[in-house]
Amino acid sequence: MTAETASTRLPATGVPRLARGVRLRHDEARGQWVLLAPERVLQPDPVAVEILKRVDGARSIDAIIDDLIAAFAVERERVAADVDAFLADLAEKGMVEVEP
Amino acid sequence: MNEVVNVLARTVAEAAALVPQPLPVPYGMLAELTHRCPLMCPYCSNPVELDRRNAELDTETWLRVFEEAARLGVLQVHLSGGEPTARRDLEQMIRHCVKVGLYTNLITAGVGVTPERLQAISEAGIDHVQLSFQGATAEVTDHVSNFRGAHERKLAVAGEVRRLGIPLTINSVVHRANIHQIPDFIELALKLGARRIEIAHAQYYGWALRNRGALMPTREQVFHALDVVEAARERLKGVLTIDAVVPDYYAKYPKPCMNGWGRQSLNVTPSGKVLPCHAAETIPDLDFWNVREHSLAEIWQASPAFNAFRGTDWMPDLCRSCERKEKDWGGCRCQAMAIAGDAAATDPACHKSPLHAHLLALAEADAAAGVVDYDYRRFSTPDRAQ
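So the protein lines, in turn, are chains A and B. So for the first sequence, this note's numbering puts the first residue at 1; every next one is plus one. So for the second sequence, this note's numbering puts the first residue at 1001; every next one is plus one.
Hints were generated in silico from the structure; no laboratory data involved. Watch out, some of these pointers could steer you wrong.
[Claimed, not checked] Listed next, the stretches of chain B that the computed footprint assigns to chain A, with coverage defined by at least 3 CB atoms under 8 Å from CB atoms of chain A:
(1) 1154-1167
(2) 1266-1280
[Claimed, not checked] Straight-line Cα separation of at most 25 Å, DSS-like style, residue types lysine-lysine; simulated pairs:
(3) B:Lys1191 to B:Lys1237
(4) B:Lys1191 to B:Lys1252
(5) A:Lys93 to B:Lys1191
(6) B:Lys1237 to A:Lys93
(7) B:Lys1273 to B:Lys1252
(8) B:Lys1255 to B:Lys1191
(9) A:Lys53 to B:Lys1255
(10) B:Lys1352 to B:Lys1237
[As the list claims (entries may be wrong)] Here are some, though not all, of the chain A residues that point toward chain B, as calculated from beta-carbon distances under 7 Å:
(11) Gly21
(12) Ala88
(13) Glu92
Remember, it's a predicted structure, so these values are computed and weren't measured experimentally. For every residue, glycine included, the Cβ atom is placed at its ideal position computed from N, Cα and C.
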């Protein structure tokens, strides 16, 4: 269970997915991951890429955090804060939608 | 010892300067599928000499071009025109773009597009739709586009796009007849459920240059418009993204046109010519290669037109010695051509250009003269394809 702190902006049980018109893909020509949005090409950093790869419309935020902990052996508190901040930011920009 | 190190360092630096820099990889491609369009906007970005239907590339060639674009590194394709829905094979092209991994953006005027057509476009996998509004009210839209009822049709298309769940951008080109409507354009975008709006000040090439006298706003109008946009941007953070194409006749620094010639994007015309920007044909003597004869990669890398103003070597001293040379990229080549009569001159929009005062005087004279009649965009002689 994730302890929901005052700083958490999204529900841990919510299921995030990329909004229509937003796509994550590997860019072979430049050897990097890109997030494509209307008239925008964003270059997510390696941490953001790992989060985005798990945003599939099926996994909850909690499940994404569990997955990252298992894959990278990192502290839950730290990961939870990163995931929440990152997804909340994208949600605010309309690039991610969270099913409660 | 230090001396030796310095000499070595210098030699290495000199050698590095001799090694050709790797070519940039383009991010975006503007695919002008056709020049046919029911609207007649007097600032249309298409050339004054429009391609006719019988000169247009066939479906197969376009599909090859999209494939080559994806392989070259293009990430986003902007399906534009003219009016791209005039092409009956549009859905087939969208499906192919999706298949080869391209992000697809439809740039439409939204006139003559039925709900059934939009449904098919949606099902083909379009990622985003950009819809133009020539005015924030029916009166202005219909007048500027010279099409009675255009505004009503656009409203219906916007509703349909949102009903299908496709993200929507509103594009409004602003000039003297509608610059006072910027707050209304923003309200309209919000009401229509758009997440993004482009407030694009008319850029004076081709048709717009021909109509500059009827389009140019006053300096006061332009600066007021900039303030209005800035305030709205702050107020609507997280609700509506506002992107602006800046007016440069009254500016101090030139726009970094295309973020540098042949650096990030390319443009394919209906007949297959590949241009570094959509206005590039206003520069005489540039040798544009065609996708009928060359692959897109060959054209990007080796065509004379793309290499003419790439990087900074072509620049006049005024630009090459400027600390902003890799920020502004010398401004706009087409504007240098239009105003200075020399495509390799410093963009007169730059305050350092000897023609800067002349450019300002042109704008002020046009804004004051108050011409009202447009020379509407049209094919040079009657064309059965419209």
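query: Which numbered hints turn out to be false for this structure?
result: 2, 4, 7, 8, 9, 10, 12
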